[in-house]
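Please model the entire structure based on the sequences and the hints provided.
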Amino acid sequence: MSTWIAKIAKIVVLSLVLGSLYLLAAHKHQQRNDARQRPVALTAACTEKLARYGLAVAEHYSSPYALKLSNKAIKSRGYGEDDVRAIQRGCNIIDDTQGQFAKDIARERWSATRFIRGTHVSCDHCHQSIGDKQDAAGNRLKGSLSLGASWVMADMYDRFTGLLLPFELRQMQCYINSSNGYKPNIADDLIRDVTAYSRFLSAALELKIGQHYDEQGIDEIAASATPKQGDDYVRGEALYKQKCQSCHGRQAVGTVTNGQVVAPALAGPNAWNMQSRNYFHYVSTILPGFICRNMPLGAENTLSNQECRDIAYYISNLPRPAGDRQGPLAALQQQALMTVMPPLMRMTESTRKQGDASRTERAE
Amino acid sequence: MKSLTTTVRSLYEQHRPNIHSHLIVGLTLALVTLPQAVAFSVTLAGVPPHFGIYAAIWGVLFCSMLNPSRVFHGGPNTAMSATVGVTLLPLAPPFGAEYMGYALTLCLLAGLIQMLFFVIRPLGRALDLVSEPVINGMICGIGLFLIFKSLTTFGGLPVNTEVEWPLWIAWQSLLAVLEIGNMYAIQIGLITLITCVIAQQFESLRSWAILLGIAAGTLYSQHLNDSVGLQNTMVEQIGNLSSIGFVLPSLLQFNQESMPDIIALVPGSFTLALLGLFQTVAAMRRMSRQVGGFTDSRKAIFSDAVSNCVLPFLSSLPTCASFNRMWLVHRLGMHSRVAIASSALWLLLLVLFLAKIIAIIPMPAMAAVIMLLGANMINWEDIKPHFKDRGDTVVFMASFLSVLLLDLFGAVVVGSILAIAYSKWQQAHPNISVRGNVMKIRGNIYYGSLPVIEATYHAALARDRSVVIDFSECYYIDAEGIRWLAAAKAAANASFTDRRKTENRRTERRGGGDAGRTSDGRRRRVDRRQRSEL
Chain C
1 MSTWIAKIAK IVVLSLVLGS LYLLAAHKHQ QRNDARQRPV ALTAACTEKL ARYGLAVAEH
61 YSSPYALKLS NKAIKSRGYG EDDVRAIQRG CNIIDDTQGQ FAKDIARERW SATRFIRGTH
121 VSCDHCHQSI GDKQDAAGNR LKGSLSLGAS WVMADMYDRF TGLLLPFELR QMQCYINSSN
181 GYKPNIADDL IRDVTAYSRF LSAALELKIG QHYDEQGIDE IAASATPKQG DDYVRGEALY
241 KQKCQSCHGR QAVGTVTNGQ VVAPALAGPN AWNMQSRNYF HYVSTILPGF ICRNMPLGAE
301 NTLSNQECRD IAYYISNLPR PAGDRQGPLA ALQQQALMTV MPPLMRMTES TRKQGDASRT
361 ERAE
Chain Y
1001 MKSLTTTVRS LYEQHRPNIH SHLIVGLTLA LVTLPQAVAF SVTLAGVPPH FGIYAAIWGV
1061 LFCSMLNPSR VFHGGPNTAM SATVGVTLLP LAPPFGAEYM GYALTLCLLA GLIQMLFFVI
1121 RPLGRALDLV SEPVINGMIC GIGLFLIFKS LTTFGGLPVN TEVEWPLWIA WQSLLAVLEI
1181 GNMYAIQIGL ITLITCVIAQ QFESLRSWAI LLGIAAGTLY SQHLNDSVGL QNTMVEQIGN
1241 LSSIGFVLPS LLQFNQESMP DIIALVPGSF TLALLGLFQT VAAMRRMSRQ VGGFTDSRKA
1301 IFSDAVSNCV LPFLSSLPTC ASFNRMWLVH RLGMHSRVAI ASSALWLLLL VLFLAKIIAI
1361 IPMPAMAAVI MLLGANMINW EDIKPHFKDR GDTVVFMASF LSVLLLDLFG AVVVGSILAI
1421 AYSKWQQAHP NISVRGNVMK IRGNIYYGSL PVIEATYHAA LARDRSVVID FSECYYIDAE
1481 GIRWLAAAKA AANASFTDRR KTENRRTERR GGGDAGRTSD GRRRRVDRRQ RSEL
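Protein chains in written order, with my numbering: chain C, 1 to 364; chain Y, 1001 to 1534.
Where hints are given, some of them may not hold.
Straight-line Cα separation of at most 25 Å, PhoX-like style, residue types lysine-lysine; simulated pairs [unchecked claim]:
(1) C/K10 / Y/K1424
(2) C/K68 / C/K142
(3) C/K7 / Y/K1489
(4) C/K243 / C/K228
(5) C/K28 / C/K142
(6) C/K241 / C/K228
Hints listed in this document are in silico derivations from the structure and should not be mistaken for laboratory results.
Listed below in structure tokens is the structure:
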């Protein structure tokens, strides 16, 4: 008799737990649905960009950019209310991934921060100008990681792994490596909205599916594109001090004012990890390519190929998080390095400065 | 040839009176195995369902032919299938041709490693050194891991690929299921789960619980398809199996381009081989004791190794002993290899004729079944004894946690090292008591424990001029120990005693073992000296 009561109690408890989980799921689904229906508060840059490209609810869409370029209005299928909101949210996510300008992060950026380690990373640190970098004349720039140009190349074969990589999976790789984080589920709105925005960009820029454009990806710089001096850590450090230090800081850990990232970390706990393709010792052509075409801000394309490789080499020698496939030991080692190195470097530098000062005094 | 026919005839004579009851047990086994085979291959290993089904057909058949044990039931296994999935995820997308090729290569590598365990005798013997807390800790860890892993399929979401910290993935997957999971999928999964649990409460339905649960889930999903439409529910189903035939030969992924990936498979294949052998040896040991028989574990290792070397060429998952199905065989009360072999043939018939029904089973129902199997692997009755002893607790928790924090291979290594270290530590600390000038040693006298004994001996020597060393409860002395005793004796301040005379007589009457006789001899000598001194 008592065993029967125990069995029934077991079933009842289990049903209650599962039932409450089901109700919780239903509630969360409802919340998500409500968030999808609410109007989106755009960031300043997104307001400007989307207005310039004429995003609106209409039966047809014709891109002002294409009209200016070719004096020919091209009509394509327009966007519904849901689509416009998805594109707007996608733009917000790219511009301000961690929701530093958002009133309600959970509502406006979904759960983006859940998938990012550290406080610095935002998509537009690499995909500059919200994934659509142009010069003053409106020309798209070579090697600027354009999201629109990337979307038209969606589902391409990954050059490194040889896998067929859908646009959504490519985004997941960004989360894992570039943001040193975790991947969202591929069905998450976080990924869907960014895809919607990227697709809209390709329509606004009048890009053709399957075409390769110069602004897609990185203009990689291999060692063969330099005068064969070899990459040099010391040269890199000197160049870093000269060109990058004013924004990214002495230890390359980035600068933050009033809780907002001014220049993102290039090393240390907030930076990309050792399995990112930005990591020089993993793929040696990508970070130099990014630096040459996109850095320093406002003075792009001023560094020589060799200088870019030197700087990239130097940056990649600074301590940064281990990748998640490198195992706990590598992670521990990198964490120790990131904790120990910056104060050590500060100490040696201050003693070196004192030594220099006393030497000059003696000389005088 | 003549001997073969006589064997077959004698087998037939032996089983003729109840051949139909053997067949019925075989059918029951086949019906229980079928959903497991499909679920393991699709949700755990990431390969099409026929891999698991062929493992349940050919794996079971090979094992029942090669393994003389009457209770051994091979076939696809939860932990092994999960290992296949975990090892291959970073290499290729699941269900792809490349992935399947790698899965087969992995299986063959594991089979070859198992063969090494058969050929090198001490290696096979070393499997016995892995203690029960290690295996139970791993089984619990794998159980929890299975629950986590099937969460996304349960919620109708795509599986997270690539390796990350499993606990973190589990948490993320739970949040994803709550926020964006497919509600129809969740409903189907819940109905399957609750039906299974209710059926498990009835003794007579327990073996059929999984089948009933899947039937309930499938019926509900068919109801949804009729009322809402498959295009709206978007619930994944197993899909067509009609291409399955009697046998499906397959080729491994083994060429120059894939060499780096195959090298990356080696640690995984070690884990796979070890997991299979552990479970086979442990399960067979336990079940043989249950039915009061004994089968040499080398024979089981041989049958596993040969099967796993052949199975990859028949597009099949690796095989090893299945605990839950062996329990079922035991409970059905039919310990015979004929029944087990017939289950394989029944399964083949079922698959050939029921392919259309298997095709409409929804994936969330499969995930629910896996979750339940995972939960059943965590059995409090099995674990409870480990918490009575501190060392056992540490070893159990270490191997349990390292499944979740490291991986299966890490768990095996960490758990085994801890278990061996703990038993060595205990041996190195014999219980020594000093009363007056008599020092009594309970335990071993060997190189590891000598420092401890020496410390007490010299402390006692400092108080009294001479010390009597009592061997009554000492059961092993190694060469170094004898040298030390001789030296202590030569210093002329130690004397020896052994008060185990009655016990000696008893062992002598029984005949005693080889080891007993030699130690007896030594003890007698010590006795004589003691008498002369006293």
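Going down the list of hints, with the structure as the test:
no., hint, verdict
1, C/K10 / Y/K1424, "violated (43 Å)"
2, C/K68 / C/K142, "holds (20 Å)"
3, C/K7 / Y/K1489, "violated (67 Å)"
4, C/K243 / C/K228, "holds (22 Å)"
5, C/K28 / C/K142, "violated (43 Å)"
6, C/K241 / C/K228, "holds (23 Å)"
Hint compliance for this structure: hints 1, 3 and 5 are broken, all remaining hints hold.
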